[in-house]
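Start from the sequences and build out the full structure, keeping to the hints where you can.
Residue strings, one per chain:
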Amino acid sequence: MAKSIESYMPLSETAYYILLSLKIPRHGYGIIKYVEEFTNGRIVLGSGTIYTTLGKMKKSEFITIYQDQDRKTIYTLTSKGEKLLELEVKRIKKIYEDTLKVEGILNEN
Amino acid sequence: MKTKWRLFWSYDVIKTQEWLSDQSNKGLSLVGFNPKLRTFKFERTDQQNIQYMIIYDKKSNGCPKKYIEDNDFEEITHSKNYYILKQLNENPKFYPSYEALLNKNAKLKYIVGNILLFVSLIYFLIFTALLSSILSGSFSIEWGGWDSPEMTYTTQEIIYGIINAIIFYSTLLIILFSPFWMIYTYFKLNSTNKTLEKLCGNTRLIKFTLPTDKIIDKSTLNSYKKQGQIIKKTKIGWFYAPDIAVKWLEKMEEEGFNLLSMSNLGNSFYFIKGEPKKVKYHVDFQIKKNANYLSINEENGWKLFFTSLTRYFAITVWSKEYEIDIPEFYSNIEDEVSHAKKFMITYASIYIFLGIIYASVSTLFGYTIWTIIPEYGINGLLISIPIIFMLSTLLYFYYAIKVVSYYRRVMKGINNE
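Chains as they are written, first to last, in this note's numbering: chain A, 1 to 109; chain B, 1001 to 1417.
Since the hints were made in silico from the structure, they are not lab data.
A hint or two may mislead.
Pairs of lysine-lysine residues, derived as DSSO-like cross-links and limited to a Cα-Cα distance of at most 30 Å, are as follows [to be verified]:
hint	chain 1	residue 1	chain 2	residue 2
1	B	Lys1402	B	Lys1288
2	B	Lys1104	A	Lys58
3	A	Lys33	B	Lys1342
4	B	Lys1194	B	Lys1226
5	B	Lys1235	B	Lys1320
6	A	Lys72	B	Lys1015
7	B	Lys1320	A	Lys80
8	A	Lys33	B	Lys1004
9	B	Lys1342	A	Lys56
10	B	Lys1247	A	Lys33
Quick caveat, the model's predicted, so the values are computed rather than measured.
Given below as C-alpha cells:
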C-alpha cells in the first residue's frame, strides 16, 4: 500500500524549499538559484543534495518531470505534491502563530 | 480495422513512433495496442500526418496531465504503463520525458549484459576444459547408432511422447535462441539508449569513462612530458578511500599541481605544473545515475573528470574552484551521511560476498590438492591456484575494511563538527 502523505511530514528544510520553489516548473539549477535568492543566501543547496532530493520526490510521486524545447529536464509538482505542500504550509503557519503567541506572553511578563 | 505486429517495438521507440507516423500518412491511424502481444491496431482514415509519442509511466495513475492541460498532446491509447500520445501542437512548450522508458531499457540492458558476461565466461571455461582434455587424449567422442525399438505403442505412450517432445524441443529452442536474443537486446539497447539519453537532456559527450574535453591526445601529452611539466601519479584502489584521495587532490592543487586528466580506468591522475589554486574535490557514488545527473551538477559549476562506464553503482569525480566559501556537493548532513552509508554498504557487501566465495574455492581446491599429493606429488601449477584465490580473498577483505573505515571517518568528522 502507498504511504500516506502525512507520513512524509514534517519535511526537511531542504525538501520544503524545493517544493516551494516548484510552484512554477523549473530546471534543477533554477531551483538552486531561486532558493538562494529567495532566502538571501541563507540556504545554498548543493547539487548532489538537489539531485538526490528530486530523485526521492519523484519516486514518491510528489513531482514529475518534463522536457522543455531544448530537451532540458523540468520539474513540476504533481497534485500529490501540491497537497503535501499545502499541508506543510498550514503546519508551518501554525508553528509561526504559536511562536508569536508565546513571545507575546513572554513580553507581557 | 487492421492489426500490425512489431516484435521489438519497445527497443527503439523513436523508430516505432516514426513507423506509426508513416502508417498515418498511408491512411491508417492508431486506435489501440497491446504491448504484450506486440500488436498495434489501426483504423482506416484519410491520409494525415500525425506525430506520436510513446511514453512509459509507472508512477502516475493515468496519463500525466500536464501536456493534456496545455492542449499540446492527446492520449490515444494506453496499455499497462505505456501511453501513446498524439501531438496536437507543432511546437509544444513541454514534452513528456522519456526518462522512465530509458530507465527501464537501461535496466534490461544491464541485466542482459551481466548474464551474457557470466554465460560466456562459463562457455569459455567449458570450452577450454574440453579442448585441453581432447588435446591431451583423455577424452574421446564415440559415435554410435541406437537400437531400433519395437513399433507398438499405446495411445497414452504416444501422448506422453508428444508432450515430452514438445518440452524437449521448446527447451532446445530457448537454449539455442536465447543467446541470440540476448546479444541482439544488448547491442540494440546500447545504441537506442544513447539516443534516449540525449532526448532526456544528457548532451555530455563521454568517451568510455572520460569527458571528451578532459582527454589529452598523445602528442600533447608527449610534448608536456618532454618539457617536464606533467606528473603522472597512479593510485590503485583509491576509490575505496575517497575522502583520503580528495584531500590529496586538494593538497596537490594548493601546491600548484592542477589536475588535467585521469586515465580510462580511473587509477592514474595527470597533473600539470601551474598556479596554486583552491579547489574542492568530491568523489560521488550513485546506485543509479539518471540522464540528468551530469548536467545538474555541471550547471552548478562542478567540473567532471571521470564517471563510471555503467549507470549503476557509479563513481564520479567532480571538482570546483573557489575563493572564500568552500562549495559543498551535499549541503546537508543527512545527505552526506546517507551517501557515505550507501557507498559503504554497497562495496562492503560486494567484497565480503566475493571474499567468502573465493575463500571457499581456495579451501576446496587446497583440500583436493592436499589429498592427491601422496599419489601425484607436488605440482607447482596446481598449488598456485588456491594460493591465488587466497590472495584475492585477502585483497577483497582489505577493500571491505577500507570502505568501512571510510564510513567511520565520515561519521567521526560529522560528529566532531
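Violating hint indices (sorted, rising): Violated hints (numbers, rising): 4, 7 and 8; every other hint is consistent with the structure.
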